[in-house]
Amino acid sequence: MRENGEDVSEKMGVKDGREAGMEEQTGIMRLLHRFGWLRTRDLASLSSGAASKTPPKGGPMLQPPIASPVDIRRIQRHLSKLRERRMVLMTQAPNGSWIYALSEKGARALQGFGLPASTGKDMLRRYHAAFFLHRNVANEVAISAMLQGFRVSTEREIAQGRWLGGADGVMGKKPDVVLKSGNDVWFVEVERSHRNRKDYDHLMRFLLQIWRDTRLGEAVDIDGTHRLRQVIFICTTGFEKKLSQDLFSKGWKLDELRSRVRFETSLYSFKAIAFY
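For the sequence shown, counting from 1, position 205 maps to 485 in this note's numbering; every step adds exactly one.
Check before you lean on any hint, since a few could be wrong.
Derived pair list, reagent style EDC-like, types lysine to aspartate or glutamate, alpha-carbon separation capped at 16 angstroms [as the list claims (entries may be wrong)]:
| no. | residue 1 | residue 2 |
| --- | --- | --- |
| 1 | K522 | D479 |
| 2 | K522 | D481 |
| 3 | K478 | D526 |
| 4 | K454 | D503 |
| 5 | K521 | D493 |
| 6 | K385 | D351 |
| 7 | K460 | E437 |
| 8 | K533 | D479 |
| 9 | K453 | D481 |
| 10 | K522 | E544 |
| 11 | K453 | E469 |
| 12 | K530 | D493 |
| 13 | K454 | D479 |
| 14 | K337 | D464 |
| 15 | K453 | D503 |
| 16 | K530 | D481 |
| 17 | K401 | E384 |
| 18 | K460 | D501 |
| 19 | K460 | D493 |
| 20 | K453 | E437 |
| 21 | K454 | D481 |
| 22 | K361 | E299 |
| 23 | K533 | D493 |
| 24 | K454 | E469 |
None of these hints come from the bench; they were simulated from the model.
All chains should be modelled from the sequences, with the hints used to inform the complete structure.
Now the structure itself:
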């Protein structure tokens, strides 16, 4: 197409490409707002366009999200542009992987869209290897569920009170990740090993109280709208054994345990996970 003797079709294509790039970069910033920090491959998985519209009927399938080399390279280009614009911060995690978070400038940009965004600079400065591993596994579980079509509350959103339990939690409980399909809810807990005594006792009280007077196989009404289907533990075999034995000692039967609690002990290694 020509205008005033000039071929403007190429210019229009460049403009459209830039607009599309800016939209995708804004999407990346929104994801960093929701998760706190993410790796390149996390962002590539979420922006691949492979998300299902309908979650599986039997509940979430726990499987690591997969990012293609093409999507990873595309996200790397966008992250490079965002760093040039000083919208994101980057640091190296304890295992050598690179993680990204919102800068103050990036947070202000999202605030302009009405989002309660804040910089993630403190999250990049103050963490140790165990925290990184815990948050990374929680993020992967959330990402996998989003790709399966579930609505998700991330660990960061829950910590900030931006989930169905608000600031106080459900019976004082704040899980690491929440998955939703319609009114059905799954709580996910990432347990590297056994908790300290105070936290473990709190977990026991929550499990015993939430399912008190509930028949086998029934979901639990949380707030008059949402129903808790199951608590999923990403954990070691040692944690599974201890929690199961303690619940049995409080009167739970094997079929009640299998209906109310799910243990995943083989999906993630808490000793060595390859990240990039």
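Taking the hints in turn, this is what the structure says about them:
Taking the CA atoms of K522 and D479, the gap is about 14 angstroms. The hint holds against a cut of 16 angstroms. Restraint check: the Cα-Cα separation between K522 and D481 comes to about 12 angstroms, which is no more than 16 angstroms; the hinted pair holds. At roughly 15 angstroms between alpha-carbon atoms, K478 and D526 fall within 16 angstroms of each other, so this suggested pair holds. For the proposed pair K454 and D503, the alpha carbon gap of about 14 angstroms is at most 16 angstroms, so the pair holds.
For the hint pairing K521 with D493, the CA-to-CA distance comes to about 25 angstroms; that exceeds 16 angstroms, so the pair is violated. Using a Cα cut-off of 16 angstroms, the hinted pair K385 and D351 is violated, with the two alpha carbons roughly 26 angstroms apart. Restraint check for K460 and E437: the C-alpha separation of about 14 angstroms stays at or below 16 angstroms, so the hint holds. With a CA separation close to 23 angstroms, the supplied pair K533 and D479 exceeds the 16 angstroms bound.
Our distance criterion of 16 angstroms between C-alpha atoms is met by K453 and D481, whose separation comes to about 12 angstroms. The hinted pair formed by K522 and E544 meets the criterion: a straight-line CA distance of about 14 angstroms does not exceed 16 angstroms. Taking the CA atoms of K453 and E469, the gap is about 11 angstroms. The hint holds against a cut of 16 angstroms. With a C-alpha separation of about 14 angstroms, the suggested pair K530 and D493 falls inside the 16 angstroms cut-off, and the hint holds.
The straight-line distance between the Cα atoms of K454 and D479 is roughly 11 angstroms, inside the 16 angstroms bound, and the hint therefore holds. Distance check on the hinted pair: K337 and D464 sit about 11 angstroms apart at the alpha-carbon level, within 16 angstroms; holds. Annotation: proposed proximity of K453 to D503 holds, straight-line Cα distance about 13 angstroms (limit 16 angstroms). Of the pairs offered as hints, the one joining K530 and D481 holds, with about 13 angstroms between alpha carbons and a cut-off of 16 angstroms not exceeded.
Of the supplied pair hints, the one linking K401 and E384 holds, its CA atoms being roughly 8 angstroms apart against a limit of 16 angstroms. Distance check on the hinted pair: K460 and D501 sit about 14 angstroms apart at the alpha-carbon level, within 16 angstroms; holds. Proximity of K460 to D493 is assessed by CA-CA distance (about 23 angstroms); at most 16 angstroms being required, the pair is judged violated. For the suggested pair K453 and E437, the alpha carbons sit about 14 angstroms apart, so the restraint of at most 16 angstroms is met.
For the hint pairing K454 with D481, the CA-to-CA distance comes to about 14 angstroms; that is within 16 angstroms, so the pair holds. Restraint check for K361 and E299: the C-alpha separation of about 13 angstroms stays at or below 16 angstroms, so the hint holds. About 14 angstroms separates the Cα atoms of K533 and D493, which keeps this hinted pair within 16 angstroms; it holds. Taken as a hint, the K454 and E469 pair is honoured in the structure, with Cα atoms around 9 angstroms apart against an allowance of 16 angstroms.
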